[in-house]
Amino acid sequence: MVIKMASIELKSVIVDFPVYGANARSVKNSLLRISTGGKLGADNNIISVRALDNVSFRLEHGDRLGIIGHNGSGKSTLLRVLAGIYEPTSGWCYVEGKVSALLDVMLGMDPESTGYENILLRGIIMGLTREEIESKKDEIAAFTDLGGYLALPVRAYSTGMQLRLAFGIATAILPEILVLDEIVGTGDAAFMDKAQTRFSSIVEASHILVLASHDLNIIEKLCTKVLWLNAGQIAFMGDCQDGVALYKQHR
Amino acid sequence: MGLRFNLASHDIITGIAGWRIWLLLAWQDIRLRYRRSILGPFWITISMAISVYSLGFLYGHLFKIDLHQYFPFLAIGLLVWTLINAIVTDSTNALIEAGGYLRQIKMPTIIFILRVVARNFIIFAHNLVAIIPIVIFCGMSLGWHTFAVFYGLVIIIINAVVYGLILGMLGAKYRDIAQVITSLMQVIFFVTPVMWMPKILAGQYGYVITLNPFAQFIELIRAPIMGGWPSQYCIVMTLVLFLVGFVIATIMFVRIRHRIIYWL
Chain R
1 MVIKMASIEL KSVIVDFPVY GANARSVKNS LLRISTGGKL GADNNIISVR ALDNVSFRLE
61 HGDRLGIIGH NGSGKSTLLR VLAGIYEPTS GWCYVEGKVS ALLDVMLGMD PESTGYENIL
121 LRGIIMGLTR EEIESKKDEI AAFTDLGGYL ALPVRAYSTG MQLRLAFGIA TAILPEILVL
181 DEIVGTGDAA FMDKAQTRFS SIVEASHILV LASHDLNIIE KLCTKVLWLN AGQIAFMGDC
241 QDGVALYKQH R
Chain S
1 MGLRFNLASH DIITGIAGWR IWLLLAWQDI RLRYRRSILG PFWITISMAI SVYSLGFLYG
61 HLFKIDLHQY FPFLAIGLLV WTLINAIVTD STNALIEAGG YLRQIKMPTI IFILRVVARN
121 FIIFAHNLVA IIPIVIFCGM SLGWHTFAVF YGLVIIIINA VVYGLILGML GAKYRDIAQV
181 ITSLMQVIFF VTPVMWMPKI LAGQYGYVIT LNPFAQFIEL IRAPIMGGWP SQYCIVMTLV
241 LFLVGFVIAT IMFVRIRHRI IYWL
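Those protein sequence lines, which keep their order, are chains R and S.
Just so we're aligned: the first sequence equals residues 1 to 251 in my numbering.
Just so we're aligned: the second sequence equals residues 1 to 264 in my numbering.
FYI, nobody ran anything at the bench for these hints, they're computed from the structure.
Each hint should be verified, as a subset may be incorrect.
Claimed, not checked - Now the stretches of chain S that chain R is said to cover, found in silico as 3 or more residues with beta-carbon under 8 Å:
{"hint": "1", "segment": "99-108"}
{"hint": "2", "segment": "255-262"}
What the hints assert, rightly or not - With a Cα cut of at most 30 Å, we get these calculated BS3-like pairs of lysine-lysine:
{"hint": "3", "chain 1": "R", "residue 1": "K225", "chain 2": "S", "residue 2": "K173"}
{"hint": "4", "chain 1": "S", "residue 1": "K64", "chain 2": "R", "residue 2": "K11"}
{"hint": "5", "chain 1": "S", "residue 1": "K106", "chain 2": "R", "residue 2": "K221"}
{"hint": "6", "chain 1": "R", "residue 1": "K248", "chain 2": "R", "residue 2": "K11"}
{"hint": "7", "chain 1": "R", "residue 1": "K136", "chain 2": "S", "residue 2": "K106"}
{"hint": "8", "chain 1": "R", "residue 1": "K194", "chain 2": "S", "residue 2": "K106"}
Quick caveat, the model's predicted, so the values are computed rather than measured.
We put the CB at the ideal spot given by N, CA and C, even for glycine.
So that you can see chain S by itself, here it is in the shape it has in the complex (with noise of 0.2 Å):
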């Protein structure tokens, strides 16, 4: 067992400092999916632009809510939530994508985990260009609670990284369940205030927030933008569930990582 959580220790840590590896596939993976195209990768932009300004008009009419209010605590959830949405889906294909490498080339397993949360961070700068006048023309007071974003942003990456290496490793040895996390998402994103504002769900269904994972990492990135500081709750919800995951990934990936390339 010694031997085991040896090589899997070494497996990450080479991995993490072969960035050049894994920051190189995420660019790649980014310049093929929009070569040909005449925008390139400014339809990320262009796309995230369009969601966020057409559903801002409706839904900020159909809630009543006031628009000033409404844009930017949806452009902010939309913004993160299709980060973590894509990292989640993304993640359960990752290790199966890699057989190409993995079966040629001896490299560590974690690199194609850092691949698509990489790629997708990528993604997240691209979307942020299209909300920034959001936040910009709707107000947004700067100050020390700002800077908590990035604590956010630091916390969305490690439990990233974490539950991404879980959902790989099942992924690959079970192929159903990307299919099954594709539809579990879809739910989840009603039950997350991204469209809706949490205040409509106090009370007596709070728990749908408070349970939620999503929420709170929205919540962790949203609030301090909005002008506040992340509930004490929500940031030590998301420390925890990152230390939960954190070993559950160390057990899974010790005990199988030598298995993972028999099943792709």
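The following block holds chain R by itself, in its conformation from the complex (with noise of 0.2 Å):
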């Protein structure tokens, strides 16, 4: 059999975002542009915010790289990148394996439909067939601990409780390259000693971690590289030790 090594390569990466204004897309305003020969209000309506900068860097098999810095300094852009989601504006992004991500608890889960459905729905859509998920259902549902509420819609659930949901539905399965964004802490005690089991198991398993957290005991003790961002840039890559000292420092 051979085994496939994961990987993650970028290279000079940028992502430039284009922030509409309230009226920035509308039809009047493209046809504003044209009868006022691409002066008046080209481009000017359109503010583009960068938020990666010429940022490169590589990761092999069994890299566990954490990702720092401020608010606003890229983090969760660099996670969409890695996971797909956003495609460099210029620059390339190789990724080689199955990558899993859970950046935000909520988004892809349908409020209206029951914890159930969600579960059948997200599997669907990470690709498994119905049988696979029926065979991992009772185990979701254990994870969880959400007993008959499982049968209710989500939206009448706590935010403790859709966590667990999420989580439970989005760990499920241990993908190759694992892209986390600041595990959220709502759920109650009990349940955050589950759910770091689970995760260092799944940590264990997949051969790429990419986790990004304002937490830096966290990042040192799931961590072996650390990515410092700042402003879009990469202002440190390396040894974790290292990195998060020097952060500590900076800050």
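With the hints in hand, could you dock these two chains into one complex?
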């Protein structure tokens, strides 16, 4: 059997975000632009934010990368680039291996559907067949500890319960590359313990881990490498201890 | 450009292959819409029946047309119009509504267009039940031409996918498109032979029908059920429309697919 090695390579990745004003995207503006010879308001309406600026790095099989940086430094954008959601404005991102991303708990969950339906929905989206989901359903149900609530619509859940379900579903399949944004701490103590255990086992099983967090303790505990982003640029990339120490100093 | 093209075709191929996803999303849309209602999706059938039977009586008498002739004409026209109209208007919002998924999970873009098409074909199937009695009672002649219905459905599906994709992309970029299209479709309804028969306009104003793609799509389904072959012109025009749409959709999708996520 050939073991496929997971790897990630970014080459001078730039991500520019167009930030549209309230009416920048209307047909009226486009027409106005044409009628004024492309001068008035041409691109003035669209402010572009450079979220990632010339980011290059390489991750090999077995790497565990922690991403640190202030709010708005581009952490989430970088995770979305790795997950294949954002394609770089320029530069390249090569990813070898199946990626699973847990970015925002409620995104991609349907509040009107029941817990079971959301398990099915998410499973199908992740490429499983109904039979495979059926076989995993009990395991997910047991993990979430939601019992009868799984038959209720998700909108009736508390935030913590939603987190349990989302975490349970997203981590039911072991991905080759796991991309995580800020492990949210809204669960109660018992659940956090459970999540911690589950989390460690996934981290063990995944070939590459990329984790963005403000919690330096978690980064130090889980990661071998650290990437410090500052205003979209790499301020430091390398050994975890060194990076965290440098970051603390700088703060 | 070559890479862009490969990524775009990869999106289309994996999207179509992910039929489990778009079919499930389509069914879920229907289920959620009728959740907690006693009759559930059967409401689709009932409301279609109410429109067809009441409009049929009313306009049949107003136009003084034999009801045996008018009822099936109106029923099939309304059935196909409802399908096309819903696909056109839903498509403009398809990608915007998919933002929640697209921002969280990497998924092929086309899935959300296929979801709209699939959803409306499920509704179509429910509507079909409402008009079957009419078609039977008013006497429909079965024959080889009946199979042309399936050809017509295939043509409508492929057109729906390419034009749905175009409208989806336009709708995501320009937020006025959805409003424009909705009002436009209301006008188009009146210049399309759904309520009135094409022969009224024969002659001087014939172009209202011959140049109207919606009239041709309806004809593609209505003619075979009413007992004849769709005209050659109708078959060629709908095919040409598809090819034109396919080229436009391909060019647009290859060029802007990677930007869509930033518009949502």
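Here's how the hints hold up against the structure:
Counting residues of the segment 99-108 of chain S whose beta carbon lies closer than 8 Å to any beta carbon of chain R gives 8, which reaches the threshold of three, so the coverage claim holds. Counting residues of the segment 255-262 of chain S whose beta carbon lies closer than 8 Å to any beta carbon of chain R gives 3, which meets the minimum of three for the stated coverage. In summary, the hint linking K225/R to K173/S is not supported, as the alpha carbons are separated by about 39 Å, beyond the 30 Å threshold. Restraint check: the Cα-Cα separation between K64/S and K11/R comes to about 73 Å, which exceeds 30 Å; the hinted pair is violated.
Simply put, K106/S and K221/R have alpha-carbon atoms about 29 Å apart, close enough for the 30 Å limit, and the pair holds. About 28 Å separates the Cα atoms of K248/R and K11/R, which keeps this hinted pair within 30 Å; it holds. Proximity of K136/R to K106/S is assessed by CA-CA distance (about 22 Å); at most 30 Å being required, the pair is judged to hold. The straight-line distance between the Cα atoms of K194/R and K106/S is roughly 28 Å, inside the 30 Å bound, and the hint therefore holds.
Consistency note: the structure conflicts with the earlier hints numbered 3, 4.
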